[in-house]
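In case it helps, this note's numbering puts the sequence shown at residues 30 to 661.
For the record, the hints were derived by calculation from the structure and aren't laboratory data.
Some hints could be false.
[To be verified] Simulated pairs of lysine to any residue, SDA-like, Cα-Cα distance not exceeding 20 Å:
(1) K392 <-> K225
(2) K239 <-> D316
(3) K91 <-> L56
(4) K549 <-> F241
(5) K239 <-> K91
(6) K225 <-> S321
(7) K309 <-> S321
(8) K239 <-> K156
(9) K91 <-> T198
(10) K322 <-> Q292
(11) K476 <-> K225
[To be verified] Now the in silico label distances, taken between C-beta atoms and shown as ranges:
(12) Y230 <-> D125: 32 to 40 Å
(13) F622 <-> V119: 35 to 43 Å
(14) D222 <-> I253: 39 to 47 Å
Source: prediction; values computed, not measured.
All C-beta atoms, glycine included, are put in the ideal place defined by N, C-alpha and C.
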Amino acid sequence: FHQFDYSTEIRANGYRTLVVLHGQACLRTLDILRQVNAKRAGVLFNLMYASSLFQELESWTKALIGMQHILAFAVKIIGYTEKTILYVDVTQVPMDVELDYFKMVAFDTESFFGRTCGFQFAESVGKLLTFLLAGLAAYHETYNRSIPFAAASVATAPKYILFPEQRATKCAAVLRDCDYFFCQSFWNLLDHDFIKKGSRYIIPNVTVSKYFQIGPEPIEIDSIIVPPPTAGAGSDEPNERIGGNIRAGSDNKTGSGRIQPKQLVNIKLLSNEIREGMDKLPLKKSDLEISSKKIFPMSDQLLMHVHGGGFIATSSTTHEIYSKPWALGLGIPIISVDYSLAPEYPFPRAVEECFYAYAWILKNANKLGWTGKTILLAGDSAGGNLITTVTIKAIEVGLRKPDAIICFYTPFLLCYSLSPSRLLAIMDPLLNTSFLWRCLAAYAGVKSDDKPPNDDLSSATATVDKKHRKRHRLRSGKSSCQFVPESENASDYTQPDVKDIYHARLIEIMGSSQANLLRKLRESSLLNHPHMSPLLVSDEILRQFPTTYLIPCARDPFIDDNVEFARRLRSLNVPHHLNVVDEWPHGFLDFGFASDDVAQFNIQILNMLQNIVQQSYSNDTGDAPSIPTIIG
Numbered sequence: 030f031h032q033f034d035y036s037t038e039i040r041a042n043g044y045r046t047l048v049v050l051h052g053q054a055c056l057r058t059l060d061i062l063r064q065v066n067a068k069r070a071g072v073l074f075n076l077m078y079a080s081s082l083f084q085e086l087e088s089w090t091k092a093l094i095g096m097q098h099i100l101a102f103a104v105k106i107i108g109y110t111e112k113t114i115l116y117v118d119v120t121q122v123p124m125d126v127e128l129d130y131f132k133m134v135a136f137d138t139e140s141f142f143g144r145t146c147g148f149q150f151a152e153s154v155g156k157l158l159t160f161l162l163a164g165l166a167a168y169h170e171t172y173n174r175s176i177p178f179a180a181a182s183v184a185t186a187p188k189y190i191l192f193p194e195q196r197a198t199k200c201a202a203v204l205r206d207c208d209y210f211f212c213q214s215f216w217n218l219l220d221h222d223f224i225k226k227g228s229r230y231i232i233p234n235v236t237v238s239k240y241f242q243i244g245p246e247p248i249e250i251d252s253i254i255v256p257p258p259t260a261g262a263g264s265d266e267p268n269e270r271i272g273g274n275i276r277a278g279s280d281n282k283t284g285s286g287r288i289q290p291k292q293l294v295n296i297k298l299l300s301n302e303i304r305e306g307m308d309k310l311p312l313k314k315s316d317l318e319i320s321s322k323k324i325f326p327m328s329d330q331l332l333m334h335v336h337g338g339g340f341i342a343t344s345s346t347t348h349e350i351y352s353k354p355w356a357l358g359l360g361i362p363i364i365s366v367d368y369s370l371a372p373e374y375p376f377p378r379a380v381e382e383c384f385y386a387y388a389w390i391l392k393n394a395n396k397l398g399w400t401g402k403t404i405l406l407a408g409d410s411a412g413g414n415l416i417t418t419v420t421i422k423a424i425e426v427g428l429r430k431p432d433a434i435i436c437f438y439t440p441f442l443l444c445y446s447l448s449p450s451r452l453l454a455i456m457d458p459l460l461n462t463s464f465l466w467r468c469l470a471a472y473a474g475v476k477s478d479d480k481p482p483n484d485d486l487s488s489a490t491a492t493v494d495k496k497h498r499k500r501h502r503l504r505s506g507k508s509s510c511q512f513v514p515e516s517e518n519a520s521d522y523t524q525p526d527v528k529d530i531y532h533a534r535l536i537e538i539m540g541s542s543q544a545n546l547l548r549k550l551r552e553s554s555l556l557n558h559p560h561m562s563p564l565l566v567s568d569e570i571l572r573q574f575p576t577t578y579l580i581p582c583a584r585d586p587f588i589d590d591n592v593e594f595a596r597r598l599r600s601l602n603v604p605h606h607l608n609v610v611d612e613w614p615h616g617f618l619d620f621g622f623a624s625d626d627v628a629q630f631n632i633q634i635l636n637m638l639q640n641i642v643q644q645s646y647s648n649d650t651g652d653a654p655s656i657p658t659i660i661g
């Protein structure tokens, strides 16, 4: 798999990660076997050790079986790729092979949510992910329930920490069967007032923290007119069910996730100093977290930040765990964009809002304490996708492009695709495959309740629900897991069209709702738009990109996106830097509060950003400061 690496120095790709993780799981299993062998002769073995050790052994054995399926599938799809291309052309993959993938998603996920949860990451993060999954399971019991029932469920939440098998079963079922409104509601708990009040004790204050709205006037810069966002709401769900963002600032009472006045965009200014021109906003006493009367000169640099959250959740406020330390450490103004969230506002609303905010910043530099010299764009996850798209749009319309963009663990390819790193999502408790599908569907405006093309087929297979799936079993073959229905009579699947047969089998595996969702995603051409999947942008546009910094995680389902994007930049001689971090999961920037190791690593990230700010101002495209990368 070395041919899939970016270079001999930066050896990272999905195939390599899968092999490394399989090795880790094998070593852990061998360690348990050694403990059993060493302690079994003892008098107290059956009383003190046998039960826990055998439970551990059973869990890791199941995980190894699941990884065997994943590795076998990864080997199989190599045959459908070009020599060094990580992504597979799904149109060339036989349907039975593709169905093997869905079987793993449906049946192997549970193996990685119990005692093996988060084994692929650093130990401190693995513990955090265990609590996260326990919270997910407990929250599902309270979702849309009465207050007394919710209170009772919360009281029993510790069982999902104490009993890993119950947690694994519950979380696998939740992620398989929930809709994206539940996913959105769960992640927007981070925007709850209770969480915000608690965060004040761990997030440092900055002098200026002003939340305000811009628009709806068109913006004209050098004869280029940028219109306000016009894409409308795409959901007909009742607003009260949608867990939108809670108010994040004194000047805004809607929040980015709620229905808000048409064409307005929410942004937040963070700065550790009051700078010349900021009084034109104007600044109120409530906008100052630290009282200060000193006025500093305008800054030559400004950072526009776009938060992540799968396009459906969180806000700039939930990401202040790292954005405020950035404001303190970089000493420059930071503008965070609170774009409208899907499914209320699907693509391209978020793109339009971020681009409008970018143009507004360029037009109103003097109000932000910025000279207008150097502008950097930074985003994590979905935010990285959006700042890349903003850069594409700026180049397309002839607007000034940013001086550099910084993308943390960014998905650059949102269209329906297969790659080895996408297989990592099967075992990822944070970015599980089913969760990713729902985020993508919400952003693309795809609804899972759409009927398949053949209504007769739908009615015939709609009864294959969760209870039906439990009557099926997996058996391991030579190269992949095989789905074995109760009856293998060929007449059960006799349909006039191959796609109908495929869809019938998919419903048996995934259930009708998720199967219909996958069918819509597979058939959607919108996902191939460069504004949604920047990896597919033309060479003509990409060769005009500014210096690009890519900071993916080696064990992230999006590592292949970043490797392929870096290759394209290299082929077009675009200045870029690829720094691959190991052991940390997707979203590590937000985990500094829970892990000292991550907090120390985030300090290294801040040092890197300080160097980027200096390099961008001097137009120096030298090497980026090093951070831990994949070695070996």
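To see whether the hints hold, each was checked on the structure:
A distance of roughly 32 Å separates the Cα atoms of K392 and K225; the hinted pair therefore is violated under the 20 Å criterion. Restraint check for K239 and D316: the C-alpha separation of about 5 Å stays at or below 20 Å, so the hint holds. Between K91 and L56 the CA atoms are separated by roughly 14 Å; this keeps the pair inside 20 Å, and the hint holds. For the given pair, K549 sits about 37 Å from F241 by alpha-carbon distance, which is inconsistent with the 20 Å threshold.
With a C-alpha separation of about 51 Å, the suggested pair K239 and K91 falls outside the 20 Å cut-off, and the hint is violated. Between K225 and S321 the alpha-carbon distance is near 24 Å, which puts this suggested pair outside the 20 Å criterion. A threshold of 20 Å between alpha carbons decides the hint, and for K309 with S321 the separation of about 17 Å falls inside it, so the pair holds. Taken as a hint, the K239 and K156 pair is broken in the structure, with Cα atoms around 35 Å apart against an allowance of 20 Å.
For the proposed pair K91 and T198, the alpha carbon gap of about 13 Å is at most 20 Å, so the pair holds. Annotation: proposed proximity of K322 to Q292 is violated, straight-line Cα distance about 35 Å (limit 20 Å). Note on K476 and K225: the hinted pairing is violated, with a Cα-Cα distance of about 32 Å set against a maximum of 20 Å. In this structure, Y230 and D125 break the distance hint of 32 to 40 Å, their C-beta atoms being roughly 55 Å apart.
For F622 and V119, the Cβ-Cβ distance of about 39 Å falls inside the hinted range of 35 to 43 Å, so the restraint holds. Between D222 and I253 the Cβ separation comes to about 41 Å, which falls inside the hinted range of 39 to 47 Å.
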